[in-house]
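*Asks:* Residue numbers (my numbering), protein chains in the order written: chain A, 1 to 290; chain B, 1 to 315.
Treat the hints as calculated values from the structure; they're not laboratory data.
Given the structure is predicted, the values throughout are model-derived calculations rather than measurements.
Don't take each hint at face value.
[Claimed, not checked] Some chain B residues flagged as far from chain A (calculated, every beta-carbon gap over 10 Å): (1) R20; (2) I45; (3) T65; (4) P227.
[Unchecked claim] Cross-link-like lysine-lysine pairs, in silico, DSS-like; alpha carbons within 25 Å at most: (5) B:K220 - A:K43; (6) A:K43 - B:K300; (7) B:K116 - A:K43; (8) B:K176 - A:K43.
[What the hints assert, rightly or not] Some residues of chain B that are not near chain A, with every Cβ distance over 10 Å (derived): (9) G5; (10) V28; (11) Q30; (12) K46; (13) A56; (14) T71; (15) H72; (16) V109; (17) H138; (18) E142; (19) G166; (20) Q167; (21) K176; (22) H183; (23) Q276; (24) H299.
Where a beta carbon is used, it is the ideal one built from N, C-alpha and C, also for glycine.
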Amino acid sequence: MTVRKTYKLYIGGAFPRSESGRVYPVTSSSGDLLAQAAQASRKDVRDAVVAARGAFAGWSGATAYNRGQVIYRIAEMLEGRRDQFAAEVAAAEGLGTAAAEGIVDASVDRLVWYAGWTDKYAQITGGANPVSGPYINYSVPEPSGVIGVLAPQQSSLLGLISVVAPVIAMGNTCVVVSSFARPLPAISLAEALGTSDLPGGVVNVLSGSAAELAPWLAAHRDVNGIDITGAAPEGRANLLRSASDTVKRTYSPAGGRADGPGEEDWATEPALRRMAAFVETKTVWHPLGI
Amino acid sequence: MTVTGTQQSEITRDESSLRRFLHGLPGVDQVGAQDRAAALATRSIKTTAKAWAIDAAISMVDLTTLEGSDTHGKVRSLAAKARRPDPSDLSTPTVAAVCVYPDLVATAVEALRGSKVGVASVATAFPSGRASLATKLHDVREAVAAGATEIDMVIDRGAFLSGRYGQVFDEIVATKAACGTAHLKVILETGELVTLDNARRASWLALLAGGDFIKTSTGKVTPAATPPVALVMLQAVRDFAADHGAVRGVKLAGGIRSTKDAVRYLVMVNEVAGEQWLTPDLFRFGASTLLNDLLQQRHKLATGAYDGPDYVSMD
């Protein structure tokens, strides 16, 4: 007999049910019932933001090297559960086993890729600035803070990791709203995160409707940025407008067009854009000599 | 009908009658108190009731700073916050009082001149209370002379726990006399009294000795204000008012940091003591971080968006 798994939320390192008590049926691409997933409410968003804020000081204060080690460890945990993730991705996205395994492998690679960037990104976008005066002047990127991430609706694992990894690699903490129709790989990823030395609260995963939850994230005054990748095209302008009230950093999917085409091709190697979206450049003038 | 059925003068005639009375108080059913407190905490307070509760709670806050590192500047900034908790919304009520150490009372009085905000001072060798009575009373007189309108004294827990109720009683009476017109709040430090029975006895002792308020804790000991302790103390002021006609207040201090907790306590005040107690004259929160959370929740009700700590002042 197989033990049925309860898919819950991931908030502050714990796996609570939704505060609202709601669940919704998740079906495979062929229409079979896979599980009942927790359906997060605005109060779960609120709690998740509190958890993310609480985790920010520790995670942003960790060395970039240490963050890289932890993200690499996530990749190890993912790889160790390769078969489970392949099965979930196959069911969610209607793929054959080989294709699903390819996606899991690409997801592991993506994590390793971002793990490598943690202590190298500052070397690319920061550095010493030449100034005409007796100062040493340098710029360094610092994390923006708590980021709301609307994960892509189609790519349930590779897309999810491709939007979460750059945010945490830079030292931000985040509240992720998973794909509505395909949340199970996201919740299983949360279980991998929970066993990978990632401090609780750095990544908080909410399964539920982006249309319902995103406006709360966009308007939340303690959220410093929002990635609207998983929002429906018609809702994006309102989210960006709402986010502008509190001068949030925003990331819009490739091209930045609100009415853009379908999801980006997650298989291609990403550029630096997603990391660049959620950092603040600090420039220091330090008197020299005299 | 009186709850305890004894005249006040009879109870306080001498130490043995005081002891007889305090030990004759009905014991507290600890499980019952916990259950009752937990049941009251489940009430749902929303929309207009929540807005009322938040404003009421703000007006009941004793904005407190009791650190060794306190400075005159910190007290002045706290006073500015007490006068105008939210400069972006002038409909926000002011807090009840600012609570400081005795040597900073003059600074607080100066900074609050012309406002309705009171100045409370802890005294009597706060927080331990381990000093001679003469020293404690000197502490009180200095604070009152500097302009404190409220004095928060600590009882001698050592004396209370070893059963020297007469000594504790006499100290409260002497402190009350030294206060003059200033209000006296008696800190029981329930975290050190261990049992709810002791909390009930200490409450009655302080009320009989003339304390205007009974206060849970110094904030320096854990546990501080807990729902069962608040329940017992609110019962004490209710029963004291029924027996002796004098309406006294309760102040909860220590560990109350969220609006949710504050609203739960307001529900408890209403249900246990009565609606009459829902005023800053009879109920206070001793807190520092609570005010910021109340202001954030107030913003949330006004704007509809969740608020953040970037939009309130740091203390």
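*Asks:* Could you run down the list of hints and mark each one as holding or not?
*Replies:* Structure-based check of all given hints:
1. R20: The claim stands: B:R20 keeps its Cβ more than 10 Å from every Cβ of chain A (closest is about 51 Å).
2. I45: holds, 15 Å
3. T65: holds, 23 Å
4. P227: holds, 21 Å
5. B:K220 - A:K43: violated, 33 Å
6. A:K43 - B:K300: holds, 13 Å
7. B:K116 - A:K43: Not OK: B:K116 and A:K43 at ~37 Å, beyond 25 Å, violated.
8. B:K176 - A:K43: violated, 48 Å
9. G5: holds, 48 Å
10. V28: B:V28 clear of chain A: closest Cβ-Cβ about 33 Å, beyond 10 Å.
11. Q30: holds, 29 Å
12. K46: holds, 12 Å
13. A56: holds, 23 Å
14. T71: The claim holds: B:T71 sits with its nearest Cβ about 25 Å from chain A, beyond 10 Å.
15. H72: holds, 30 Å
16. V109: holds, 35 Å
17. H138: holds, 44 Å
18. E142: Nearest chain A Cβ is 41 Å from B:E142, so the label holds.
19. G166: Holds, because the least Cβ-Cβ distance between B:G166 and chain A comes to about 49 Å, which exceeds 10 Å.
20. Q167: holds, 46 Å
21. K176: Correct as stated: the minimum Cβ-Cβ distance to chain A is 43 Å, above 10 Å.
22. H183: holds, 37 Å
23. Q276: holds, 34 Å
24. H299: Given a closest Cβ separation of 8 Å, the condition is violated.
In terms of the numbered hints stated before, the structure departs from hints 5, 7, 8, 24, listed from lowest to highest.
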